[in-house]
Amino acid sequence: MKLTIPDAFGRVSMSAGAPRSRAVRFVRRLWRKTSIAGLAVYALALGALLGLASADWATSGGYPFGGVQVGAWTAWPRAGAANADPYTRAVNARRGEIPLAVGEGLLLTAAVDDAGQALDATCTYRIGGATPPARAWTITVAGRGPRDPGRAPLREGFTSTEVLRAPDGWFSIVLAPDVQPGNWLPSPRATGPVRLALRLYDTPVAASVGSLDRSSVPAVTRLGCAS
Amino acid sequence: MRLVSLRFVYATLIGLVLAGIVHIAAVLAIPALSEADAVSRARTSENLDHPQSIYTVATGDDPSPPEAWLPIPDPAVAVGVCAYNLADGPMRVSARTGPLSLSLAAHARRGAFYAVTDQAAVRGALDLVILTRAQYDEALADDDENDPSRDVRIVAPDTRGFVVVRVIAGLPSQRPAANAAVQAVSCTTDTSTDDAPTGKDAAVKDAPGKDGPGKGTGR
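Taken in sequence, the protein lines are chains A and B.
Per our numbering, residue 1 is the first one in the first sequence, and the count goes up by one each step.
Per our numbering, residue 1 is the first one in the second sequence, and the count goes up by one each step.
Chain A extracted, bound-state conformation:
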């Protein structure tokens, strides 16, 4: 942006080598003589740059709208629907994502714990409790960006079939950097933010996300941090 906005007044910045007073006078004269055409070029350049930059910014990360907050989790019921909002469609198109359709399942993501603090790879979390009704679910953890090549891939997630459960049917997964008894989910990287994804497959709640409440999704509790 900084490179191109002076474009409209390109000659101004190029005359910086001249003595200062002459340059100032030159700028003043140019400024006074700035015609409608110069202003039009400036307005067009401003519009194009700001418009494209903001469109790029809004569609380069995750989905900007359409999430439904449930406890620490955010459900994305309309991410794969044909009537998804244009931003969601643009994000999907840029990432090559194939989102879960409403009849297939529902994606919930969490970047914070129940207290609202961002999930960090150096901390230990307990993820447990109930899940919404679904034929199968998976809980996975991922860091930001590409995977660290030096780290051996131990485990990225649990499925509803393989998770160890308490006698009452509840489960408790511990996300920690170090080995833990029970359902241990290794931190995907040494440091930095991590994200959890809960995918519910073949679930009736995809059509009625409003029926979800805090007690029907797994709680994410921070147990402690290494540093």
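What the hints contain is simulated information worked out from the structure, not anything from laboratory work.
Be aware that a few hints might be false.
Here's a subset of chain A near chain B, in silico, CB distances under 7 angstroms, partners left out [stated by the list, open to error]:
no., residue
1, L50
2, A82
3, R89
4, T131
5, P133
6, R135
7, T138
8, A142
9, R199
Cβ atoms here follow ideal geometry from the backbone N, Cα and C, with glycine treated the same way.
Guided by the hints, dock chain B onto chain A, whose structure is given.
For chain B alone, kept in the frame of chain A given last:
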């Protein structure tokens, strides 16, 4: 001088309004112009009669699937896509249900327009036919009243799109079977309007596919 700065303020305001217009236009144009979206990437599988694997779940020692382009895939779900181009004729997707849960979703550029899981299967078979409105009317007109077709017919909003096959491996030991179950789905183009030859064709193509999960070779 004051006049000039007022003009400058006006130009800035016009620039901001233009920025808004450009922003909206860009966001709306991204799905149509993107070359990295799923519809464009899936297009290479148009000529296959089985899904192209886009995410094979890790089995044993082969951890990284090279063909994966899903940004954050589910490590327990094998994914395959069948692209269709309805200009060549309706596409028939046939899946046989197995022990693993399987789901099919039909996507077009605007998003998913149909999804079904194997719980909707009739006698272990799930047959979808994706067609355009004109092909649908033709198929309806050609229907034999005494022997109505049992296909699930879905009218697609665009001529191009893809069908996603997802198979969930609940346990690591089921992962080879999940990869094989994705490959066992058949996606064929109904070239002619009468169903008899294509039906036979589909049946022949299913036969080797059915052996796949039994052998559990992963491919």
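Hints versus structure:
1. L50: 4 angstroms, holds
2. A82: The hint holds - A82 of chain A has a Cβ within 7 angstroms of chain B, the shortest such distance being about 4 angstroms.
3. R89: 5 angstroms, holds
4. T131: 14 angstroms, violated
5. P133: Since the shortest Cβ distance to chain B is 14 angstroms, the answer is violated.
6. R135: 6 angstroms, holds
7. T138: 5 angstroms, holds
8. A142: Where the cut-off is 7 angstroms and the nearest Cβ of chain B is about 6 angstroms from A142 of chain A, the hint holds.
9. R199: 6 angstroms, holds
Violated hints for the displayed structure, listed by number in ascending order: 4, 5.
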